[in-house]
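Chemist: Residues per chain are reported as follows:
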Amino acid sequence: MSPEETPTDAVLSVRDLSVSFATRQGVVRAVDGLSFDVGTKEVLGIVGESGSGKSVAMYSMLGLVRDANVSISGSVRFEGREILGLSDTEMQSVRGGEVGMIFQDPMTALTPVYTVGWQIVEQLRAHNDMTKKAAYVRATELLAEVGIPDPKSRVNHYPHEFSGGMRQRVVIAMALSCNPKLLIADEPTTALDVTTQAQILDLMGRLQAIHGSSIVIITHDMGVIAEIAHRVVVMYAGRPAEIGPELDVVRSARHPYTWGLLGAVPRADVKTRRLVTIPGNAVSPLEVPTGCAFAPRCQYRMDICAERPPLRGARDHLDACWLSDEQRLEIRSTVTVRGES
Amino acid sequence: MLRFIAKRLASAILVMFTISVLVFLIFFATPGVNPASRIAGRTASPAVLRQVSKEFGLNRPLPIRYGLMMYHLFIKQDLTSYVNIGDRIIPQITAAAPITLSLIFGAVVIWLLVGISGGVIAAKNKGKFVDPLVMFFGIAAISIPVYWLGEMVSLVTQGGLHNSIFAWVPNGGYVSLTQNPWQWALHLFFPWLTLASLYAGIYARVLRGELINNMNEDYIRTARAKGLSERRILYRHALRCSLISIVSLFGLDVGVLVGGAALLTEVVFGLQGVGWLTYQGLQNLDLPLIMGCVMYGAFFVVLASAAVDVIYAYIDPRIRVVA
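Those protein sequence lines, which keep their order, are chains A and B. Taking the working numbering, the leading residue of the first sequence gets 65, the next gets one more, and so forth. Taking the working numbering, the leading residue of the second sequence gets 7, the next gets one more, and so forth.
One or more hints might be untrue.
Claimed, not checked - If you want the ones that stay clear, here's a sample from chain B, every Cβ over 10 Å from chain A, calculated:
(1) Leu15
(2) Ile19
(3) Ala35
(4) Thr36
(5) Glu61
(6) Ile81
(7) Asn90
(8) Ile116
(9) Ser123
(10) Ser149
(11) Gly215
Unchecked claim - Computed, partial: chain B to chain A, Cβ under 7 Å:
(12) Asp224
(13) Thr228
(14) Gly233
Think of the hints as simulated: they come from the structure by calculation, not from any bench. Backbone N, C-alpha and C define an ideal beta-carbon position, used for all residues, glycine too.
The following block holds chain B by itself, in its conformation from the complex (with noise of 0.2 Å):
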């Protein structure tokens, strides 16, 4: 297992290196465009173009651009942005990324819990009322555009309803964790959920589906003939396997999320995470901007799935030979 896990996190290095080399060609490389002038902005003075010329050694050779463009990036992070001048990339990425995380933590806890307790539910009731009901909820769930669930869950608790039941609900932003937890968690309660509403919607259908193939495995049938109560078949047989597919969706969507992809919900909310600080870069076409956050958002992507790797590994006991 161990072993495993090395080897996992050696490639997800590699993986990480390639995307740096592409990332890098795509915005320095492309032939025809100046790469100076973009970075500096349509309006620079010949002075800016030729600093900008310096700092990214851009009448070097390629591989001694690249790598200092990784130096100023992971090494001295002191890349600039020349939109809005003299602002440090590095230090409004990690700014960002925590509140990215807090987002996108809050949602998974319920989306996890929403989702596989449905697909739970429904499975379970399969040809009763009850299934029909969760799967319906699901869709609509799924269905729902972020954006339009976002602004309505605003409209209703920050409109009129604000100063009677929704008095509770802060005026949008963000509190750290560090700062005041329970603060933390109010600011982020309604974002929370409807960015998690989507997911939930997704993979209770996806379980459903799942556990009810799984229940027609011969396994279960053994399961049966070993005396077994029909709860201890379902949880610990059924729902084990069927947590294997739920893992490898996680890891992908967890991964995208965490790269940028709440970005609806950040800017409906007004929460300044990676995506919307994304979204800012790329209105300001502040090239060092984007680029770090696709740097950020592919290694996010990246790491994601190796962990998912690995927590694959450990719930399929069949994936350890094969790596």
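The shape of chain A in the complex, shown without the other chains (with noise of 0.2 Å):
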């Protein structure tokens, strides 16, 4: 994929969104120079540390960054169509009909005052013309289909009622209930313990297949992308560090950022007496380098590191790093890396 063909088989294709704050302190720059597509039928993880941008990324292309201060730059095509700078009431039909959100938290993320079945219907109703009984029925069904059990009674019991993992099925029975092209998941698992985060994902991945849906997934956890991703982005201080096929990225990651994350996934098969961590902290927003964000950060900074290196690579995998061929298998031929070794 380079950044100036379109897919013609992308749902969402994304080229050089910015978006920015202005505050008392500076401009900081969320995003910085974002481009993506995403396939039919295809998921897509955006993966990164806290602050990386990858939330702010999804929100603001489908107009849910209210800030005043925000300025978003860049193109985002939805089937073809572009949406950046559609009005708020043309963003309506895409927001919750074509495309559909998960969020992180499934504690907040209900209006604690209605039903289940009444929030699903609502949203029913909002892009379908139906009637109240048919979309009762039609949010019945949904919930079956995310394994809620009994859902004739529970369609009526509100979100307080419900589990932490059952509260994220409901929100993914209304995110699928108008059957969007396009699902966007906001770290869809990380408020849940880890047996429920995996029946989440799984869940996930068979309605996928149902439905027939694209999903952006991000999250900061390379094992959830190795779960479910086709493909993933990997994203540090509001810029891609590398792009490329789940496999190639897991397997055979370029970009020492890449490196890091994958070291940081604990394995249960090798006895470590720490976690392992990246060095340093994630760079602010408010003061990223001219040249490469990871640099100050990076185990091989060269001089070169001082300008920022262009998004380049085979085929589809792509990385930002100035590192040659040669000087990356020499550093992988010294360090393990989780996924090859």
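Please assemble the complex out of the two chains, which come individually in their own frames, going by the hints.
Modeler: Encoded structure:
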């Protein structure tokens, strides 16, 4: 994928998306030149540390960033139609209708004073011309589909009567209610315990196969990526560090930051006394270096890193790093990175 | 829900009983004072004192005295004043209650309308010119004392302008609703506005804050992601959740007002409601009257808070489970 061409089957194609906020301390570039495509029925994972701009990128393209000081530039095409800069009313039919969203914390994502059925019905009726009765029938079906036991009575229960995992299932049912072409999941498993995480990921995979939606899943967990994603965008400080098919990125990562992320996944089969971390802290968005954003934390830093590396690579596996192929081979022969050992 | 209501009412009755015991003890079992001379007044003759002693069973054990008191208050309702000899207490209270209730009812309607719409308008226009303007009027309404505002209103409507634009304003007093609804509203119009202004200011400010907080909640982001209109998000989601705190405020305010806190408005506008009656009782040291008013007031506070808890459970499903 090169930024110039747009694959014809892309549901979503983002080009050079930049989001910046004017603050008292200066301009914060939360997203800086992000480009990617999501194909039909494809699951794209966007991975990065907290504050790397992955959520902001998704929210900004759907008009969910409600900050008077934000400025968004670039191009976001959804099924060939430019959606950046659409009016709020035009955006309303896209949101919830053609693009569904799942959020990080299911405990707070639902309005506490309405039954879950009411909330699903509200979305159904906002986008479809259907009677209340039919919408309730559909809501019950949806709850059954996401694996909520006894959906006929549960449809009349309030959010606080569900556990976290069950609530996330409700949120998923709601997001899928209008058969969206694209599902954006913002850290859908982060707030859940490990066994529930696996169930939710499994559910998303199954539903994706049935509904045929494309999925963008935002996460900081490489394990989630390996589980569900077809392709991966690794973001650092608002910029793409590496983009490629999931197998390539996990098995033969090219960017030092991705190596760090992969090293940070705890493994059951290797005994470590401490969890592996990437040295240093995520760069403050106010003082992103003019060159490579990762350079201050990178142990392979070179003089040229003072210049911003272009996103380049072979075929569909791109990365933004100045290391040459020989250097990478040399480094990788001395260090083990998870996935290839 | 029905079980919740029953439980809540049962506990309200228990609270009322406790209050009645406490009030009784304060009035009749405070050591060092002879309750008979307190009830009968400073200048009572020995004959009257004996009569009081007999009527309230003052030489009998405490529980019997309590029972006798409650019997006179609630069952026989023949508690009489010794200051204004022969005045029955209960009929006075039941005559005053509709006036207070009318005053509060109208004020409640006005302050809810003004307060809620003010809060919504301010929150909707946060950061624009309208928001601080509404909030300024809010703080002004809160800061102006009721007695001053009431006097000013009387001065304007009953003074020089009474012959021109305010000719329609009655010269104070009260006409009952059953007698003439139009005159009822007309007589109470300015008292309503005066009493409502303070609460409208408070409610607008509280609601604005609540709305702005709620608009930053995660579920609002979900509502936007669902593709709902901003209007629907504001009214059906944010406002609906913000009303929860308004209702709890509302219960306390109405309870206290019905219990006599509308006193200042009543006195300023010459409305002989419960607040006014209590005020009279205090001035004359009319103990049975004070006790009747206190009991009545306390019961209304308890009833209002029970009613609010029921409304609360209705609008916030999370409460129902706890109870």
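Chemist: Hint by hint, say whether it matches the structure.
Modeler: Quick rundown of the hints versus the structure:
no., hint, in the structure
1, Leu15, "holds, 24 Å"
2, Ile19, "holds, 29 Å"
3, Ala35, "holds, 47 Å"
4, Thr36, "holds, 48 Å"
5, Glu61, "holds, 54 Å"
6, Ile81, "holds, 44 Å"
7, Asn90, "holds, 52 Å"
8, Ile116, "holds, 26 Å"
9, Ser123, "holds, 21 Å"
10, Ser149, "holds, 31 Å"
11, Gly215, "holds, 18 Å"
12, Asp224, "holds, 4 Å"
13, Thr228, "holds, 5 Å"
14, Gly233, "holds, 3 Å"
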